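Line by line, the protein sequences are chains A and B. The working numbering numbers the first residue of the first sequence as 253 and each following residue consecutively. The working numbering numbers the first residue of the second sequence as 253 and each following residue consecutively.
Hints are computed from structural coordinates only; laboratory data are not their basis. Everything numeric in this text was worked out from a predicted model, so none of it was measured.
Incomplete in silico selection of chain A near chain B, CB under 8 Å: (1) G405; (2) A413; (3) W420.
Just so you know, even glycine gets a beta-carbon here, dropped at the ideal spot from N, CA and C.
2 protein chains.
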Amino acid sequence: MPRAVREQQMLDAAVRTFGQRGYMAASMDEIAELAGVSKPLVYLYLNSKEDLFTACIRREARALTEAVRAGARPELPADRQLWSGLTAFFTHTARHPDGWAVLHLQARTHGEVFAGEVAAMRAEIVAFVTQLILAAAREAHRDPDFPEREVSGLAEALVGAAESLADWANATSGVTARQSAATLMNFAWAGLGDLMAGRHWSPPEDGDAPGVQAGRTSPVR
Amino acid sequence: MPRAVREQQMLDAAVRTFGQRGYMAASMDEIAELAGVSKPLVYLYLNSKEDLFTACIRREARALTEAVRAGARPELPADRQLWSGLTAFFTHTARHPDGWAVLHLQARTHGEVFAGEVAAMRAEIVAFVTQLILAAAREAHRDPDFPEREVSGLAEALVGAAESLADWANATSGVTARQSAATLMNFAWAGLGDLMAGRHWSPPEDGDAPGVQAGRTSPVR
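Given only the sequences and the hints, what does the whole structure look like? Please build it.
If you want it as structure tokens, here you go:
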């Protein structure tokens, strides 16, 4: 069997073991047995438990990023792009719960080096979502001065909401990827949609009644 | 000086050191020096680096939870409650950036025991937000069958968005707590507000034009 194929089998076994048992509790014996290879071969190919974990993080991060990019089709209108990107994200995290646990839980709870690997992937996704929101704002032509800083904040909020929902969906039986994506669209799109149309939520001045106001010209930023 | 006062000084120094240097790099020498006490006294009072870190997590988690609870005033209408709760949250995380770094970054990147402490606090905040959304839905009387599962998902999304924005705000100079809260209200409230009024975002059937539709009777859940 070619080395590349063997390595993928080892990574499959490692992602499953790290995702289900946690990084600390996972043993190289268990991973080798699950991969159907000897433990010395795992060390020969992937060097150490740390290096094996890093290889898992990189593979799962690349797969997730590619799934989201493939899902958000730039020819669609903004809400369809967001819907298809979110559906792709939740479909991927639902199909690869161990990979998601490695990325969002294990990699962030076992030291700065692993956390740094995931932070790089996250920054790439936030930048991608920021561009998507900026493109939507340009498309709407309603608020050309939409400040990049607020767009960055919105992208951070959306990514954080999606991460949190993916954890919850994977821990709750019977929640489908489509339902998770619909929950987030329900939560987020009307808000973003109003913003694109120049309608901001306005915080109360003391004693004022707040609410979403159409055509507000000086939103709080 | 009474022991309780000394301990608070040690915890102040420890939160600052863990938050700024990270758990691994922080040294007990540095913490003792910053607290103005001897290192043996830190060990005498707080036993070990692990126990000191756990004490920091518990103190900061309690302070954050109390700040959010105090901020969300139940006599207000739902959007005002959310606004004041979010403002309280972002004010607290902006004023205590080291405490927030301990809770949201350090405690989650150094093993399951510390991560478990933070997970308990987070579950409490999600439950609190879930009750807030359920109360708002009851108040609106528009969708009495609003399923608890979808409300849980919305609460997870809101908490994830707030965590992500707090990280971003603390890493970005010149972003105020009020601006962070306004960004999240802009992002979230119009969406939640539409939901409370029975308007769901509807995912596209193949070929359909999507959008927020008033009075949709069979939302995707």
